[in-house]
Amino acid sequence: MMVELTENLVSSEPQRDNSETVIEISNVWKIFGDNAEAALRAIQNDGLSKADVLAQYNAVVGVADVSLCANRGEIFCVMGLSGSGKSTLVRHFNRLLEPTTGRIFIEGTDVMALGQSELQKFRNRKIGMVFQNFALLPHRSVLDNVAMPLEIRQVNKNDRLRQAAKILDIVELGAWGNKFAHELSGGMQQRVGLARALAADPDVLLMDEPFSALDPLIRRQLQDEFLGLSQILKKTTVFITHDLDEAVRIGDRIAIMRDGRVVQIGSAEEIVMNPADDYVADFVAGISRLKVVRAHAVMQPLVKHKSGGGKIPKNAPRVNESEALSMLIHLAIDDDSPILVEDGGVDVGVITRRDILRTVIEGTEVS
-10 MMVELTENLV
0 SSEPQRDNSE
10 TVIEISNVWK
20 IFGDNAEAAL
30 RAIQNDGLSK
40 ADVLAQYNAV
50 VGVADVSLCA
60 NRGEIFCVMG
70 LSGSGKSTLV
80 RHFNRLLEPT
90 TGRIFIEGTD
100 VMALGQSELQ
110 KFRNRKIGMV
120 FQNFALLPHR
130 SVLDNVAMPL
140 EIRQVNKNDR
150 LRQAAKILDI
160 VELGAWGNKF
170 AHELSGGMQQ
180 RVGLARALAA
190 DPDVLLMDEP
200 FSALDPLIRR
210 QLQDEFLGLS
220 QILKKTTVFI
230 THDLDEAVRI
240 GDRIAIMRDG
250 RVVQIGSAEE
260 IVMNPADDYV
270 ADFVAGISRL
280 KVVRAHAVMQ
290 PLVKHKSGGG
300 KIPKNAPRVN
310 ESEALSMLIH
320 LAIDDDSPIL
330 VEDGGVDVGV
340 ITRRDILRTV
350 IEGTEVS
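Take -10 as the starting number for the sequence shown in the numbering used here and just add one per residue.
These aren't lab readings, by the way, just hints derived from the structure by calculation.
Check the hints yourself; a few may be wrong.
[Claimed, not checked] 20 angstroms max Cα-Cα, derived EDC-like pairs, lysine to aspartate or glutamate:
no., residue 1, residue 2
1, K115, E9
2, K280, D213
3, K223, D190
4, K224, E26
5, K280, D248
6, K224, E198
Could you build all of it, start to finish, from the sequences and the hints given here?
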């Protein structure tokens, strides 16, 4: 586990509502090629496919009409197979890539309206980015790598090194500040990359497959540490991954991309229980529902159950509506009574063994 944050690293501002929109992008297109604008007009007017655009305009559709938003403190995962456009999309948030067309707002700022100098300041103060390949400078020490965003801000040397040292303590690398990147393991280097992104205290974190190059055990450890850190710092995070298990584990909401388009946005539970199309259904077919599906998605409304003549014993087990399917199964093994579901101390639903079995079977690859 990561160490506790010191008070001066936690914002003194009151906690704001999680529903407040921090990132909002609308109708973003990215078409690569010299004829991008003509290709876009042809897509919009004539309905050209991705293959048609390549054949007729020698242009590649990277992102196609994407609109989404991320709320304050949310971990918003964008996932898809290789070539789906997810990494291309995230590079538009800070304009590392310029969209062919579309609108991008972060913290109410129209990012597309910023001049180059304003954009550089905005990136440095508002956005931290963590890359898959660590992107550490080999000639700098770990401490100097972490302090670099503050150096760009022209923070004096003593202050920036002091802040960098505190961030390194948070990611449990305080003793490694004087080492160089090649002296660290891959997992440690990725922690340095995360520390560098956090050093300037940005409002938004962009993470492009940050753990995908790591061994499975190290990856899971860093996922745990990142989740713990996120609960403390409440940073709004856009997390890119091709690993559905990782998205389900980390994301508050998930956007699934295919051929440059977003085909569904929702919580892991919503996507697993109600896939938007056959592609998404196939995508999530191998995901275990045991820790994804919650009681509120399995239950019958209490009124409906009673109207059907179902009797509920007074000593029936009770669970909160957010209880996981795995716990419901354990309760059903030990007691054949229906399970009552509570919301704020009020009984709102009931779950029978049949409800549990149906949910489990529908989540397996059976015909």
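How the hints compare with the structure:
no.	hint	in the structure
1	K115 to E9	16 angstroms, holds
2	K280 to D213	16 angstroms, holds
3	K223 to D190	11 angstroms, holds
4	K224 to E26	35 angstroms, violated
5	K280 to D248	29 angstroms, violated
6	K224 to E198	17 angstroms, holds
The structure does not agree with the numbered hints 4, 5 stated previously, though it agrees with the rest.
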